[in-house]
Amino acid sequence: MSVKSSWPLWEVFVRGKRGLNHVHVGSLHAPDAEMALRNARDLYTRRNEGVSIWVVPADAITASSPDEKDPFFAPSGDKVYRHPTFYAIPEDVPHL
Amino acid sequence: MSFDNAYEALVEPGTTDEAHWAFGTGFADQMTGVDRAVPSDADAGNLAAYCLMLADDALVFSQRLSEWCANSPELEEDVALANIALDLLGQARLLLARAAEVAPEVRPAAAPAHVPDEDALAYFRDERDFRNVRMVEQEIGDFAVTIARLLLFSSWRLALFQRLATSRDPVLAAVAAKGCKELAYHRDHAVQWTLRLGDGTDYSHERMRAGLARVWPFQPELFTPTPVELRLAEQGIAVDPADVRSEVDNVVDTVFGAAGLERPQLPELSPVAGHAGRDGIHTELMGYLLAEMQHLARSHPQAVW
Amino acid sequence: MTGEREADTLERDFQHTVDADQRIEPRDWMPDGYRRTLVRQIAQHAHSEIIGMQPEGNWITRAPSLRRKAILLAKVQDEAGHGLYLYAATETLGAAREDLTQKLLVGKQKYSSIFNYPTLTFADVGVIGWLVDGAAICNQVPLCRTSYGPYARAMIRICKEESFHQRQGYELLMTMMGGTDEQRAMVQDAVNRWWWPSLMMFGPPDDASPNTEQSMRWRIKRHTNDELRQKFVDMTVPQAEKLGVTLPDPELRWNAERGHYDFGAPDWDEFWQVVKGNGPCNAQRVAHRNRAHEEGAWVREAAAAYAEKRARGLDRLAQQQLATGGVA
Ligand SMILES: [Fe+2]
Ligand SMILES: [Fe+2]
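Protein chains in written order, with my numbering: chain L, 1 to 96; chain V, 97 to 401; chain B, 402 to 729.
Calculated directly from the structure, the hints in this document are not laboratory data.
This list has only true hints and no planted wrong ones.
DMTMM-like cross-link-like pairs, simulated, lysine to aspartate or glutamate; straight-line CA separation at most 25 Å:
1. B:K511 to B:D608
2. V:K277 to L:E34
3. B:K561 to B:E572
4. B:K710 to V:D284
5. B:K710 to L:D59
6. B:K710 to V:D298
7. L:K17 to B:E562
Here chain L stands alone, though its shape is the one from the complex:
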C-alpha cells in the first residue's frame, strides 16, 4: 500500500462533563482535523452526548523526557510533595 493512503495520528482529549478539564483518552487516525473530530466523537464518546473534544496532531505535541536522565523530570518522581495527593485534606474542607 502506498504511504499516501495511511492517515496521520491524532491525540484525543475529552471533557467528560462540564466543570472538568479535557483529559487525554487515546489516539486515532484521520485524514484531517475535521474527520479526526468526527471519528473521536464516534470512538471515544460513542452514543453519549454533551461532551467537548479536542484533537491534536500527534506530532505537534512536545513532551518532557523522563528517560534521558532529565533533571527537569526525574526529581519530581521522588519528591512526593509535588504530588497533590501528598496533602491530606480533611473531609470537611469545602471546594478544594
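Starting from the structure of chain L, add chains V and B with the ligands where the hints point.
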C-alpha cells in the same frame, strides 16, 4: 476491579440499562411522558400507514448500512456507519410500534401472538406490505454509492423530520425531534465524504460520479406524495414530501458545487403501472433483502429471542 | 560514563518501578524485550478484536428480532472500538497501526485462534458472548493492572464494555433456553462447539509456555495460563448449571480437596493446527480483512489527497470561497 471479581462489572449499578448500548442515549427519555393519544380527527389506518412508510425507509436502509460492519475502508468508518445504522434502526422500532399501536390490524396475521409488534411487522410482513422507497433497498454497492445514497436520503429525511417535529401526532413529533439530531449527523457525515471523494483524486471523483448516477434515478420517488401523506399533511400530522424538494435540492447542489460534482442528468426510475415502493411494488433486490433478514425468525415462529 | 553500568542502572530503575506496582509510561526507558513483548501482545490483542468482528458480524443481517439486531450491531461496533483503543496503545510504543495491519494481512502477526471457528446458528452469538467474551474478561481484568500505562488504561475501558457483551450473551441464551426444544438444542450444540476452543483461549499449558515467566517478572502478565483457565472453569460451571446446559467434558467434576473443578485437557493438537493456519476459517478471516483493506484503499487515498489540498488551500471549497470573497 480486582482479579477475584472478574464479573464485578456485570452487576455494577448503572450498567444494567442496556438501552444505552443498543440504541444510544436519550431516546428512551425522549419518549417517556410523551402523550400517546391519536389526534381525534386522524384516521388511524392512515396514520399507521404513514408510520410504516417512515419506519420501513429506516429499517431497510439500516439493514443495508449494517452490511458495512467489518467491511468499510477504515476501522473508524466501521464505527461511524454502524452508528448511523443503529440510529435508523432505533427510529424504525419506534415507528413500527406506533403503527401497531394506533391500528392493531396492521399486525400481520402470520405473526404468532407472543412476537412483539415491531418484530411482527419487521419479520412477518411480506414484500408487498413494505412501504419503503426503492432507493433504500438497492444493493449496498461501493463506498461512493453508499455515500451518495446517504447524502440524498439523510438530506431528505432531515428536512422532512424538521417539519414533522411539530406534527399534531405527539409520538411522531417526538420521534422526529430526536431523529433530527441524528439525521443532521448522518447528513454531515455524507457531506464530509462527498467533498473528499468528489475533490480527492481523479479516481475517487470518477467513483463518486458513478455512485451518484447509481442512486439518482431513485431520488424523485422521495418527493412523490401518496394520497395518505396528502390527507395527513392537510391535517397537520404528516409532511407532504413535495414541500421539502427545493430545500433538499439546495443542500445537495451546494455540496455538489463544493465537491466539483455535477447534478446527474438522469431520468426517474419508472414505477410499475403507476406503483412504486410506497405502494409495495419494489425492485427485485427487495426479495433477497427480506429473505436474509426474515428467514431465521420465520423458520422458528414459536421461538423466543 | 555511558556503557554497561548506566544500562544496569536504567534496568534496575525500571524493574524497581515495576516491582513497586507503578506504571511504565510511553517515554520512560524500558528494556527492548519489554517493548517487543508488549507490541507483540497488544497487536495480537488488537487484531483479535478486529478479526473477532467477523464471526458475530455474520449474524447482524439475520438477527431474529430488532432488539437483538441492535444489541449485536452495537456489540460488533464495540469490538472495532476495542481494536482502535489497543492500536492507540501500540502507537505509544512506536509501532504504527499501518505496519501492524500489514503484518496481520500477510499473516506475520496472529490473532486469537477462537475466531477461526465458524458461527453456525444464532445461538453462537449468545455462546460467544457468554464463553468467549467471558474468557476474554478473565484474561483481561488482570491486564487493567498491567505494568504498561496506556495498555492498562485501554483495558479498563474494554473490560467495562466486555461485561456488557457477556451479559447480553448470557441473557440471549437464557431466553432461548426458555423457548422451544429446537432452541434448547441449538444452545447445547453451540456450547458443545465453543467450550473447548474457549478453554484454548488461555493459551498452551504453563509447561509449554516459555515466555510466561519473563512476562510475569515485567508484570505484563499477572497470572499464568493455567491459573486463568482454572478461574474461568470455576466461574463458568455454575453458570452452565443455571442455564441448564451440559459442558462437553466427561472429566469435569468438583474437587473438594483442591477447592476447584477438575477438567479434561483440550485437544492441543487441534489448537496448534489452528494456530498454524489450518483452522476452519483462518483463510476466510484473513482474506476478508485483505479484501476490505484493498477495496478501501482508494477511499483512504482520496481523503489523504483532499487533506493535502486543503492544507495548501487548493481544495475546491477554499477556491470557491476565495472567488466569492466568502468566509467559511
Ligand atoms: Fe472486545
Ligand atoms: Fe467483546
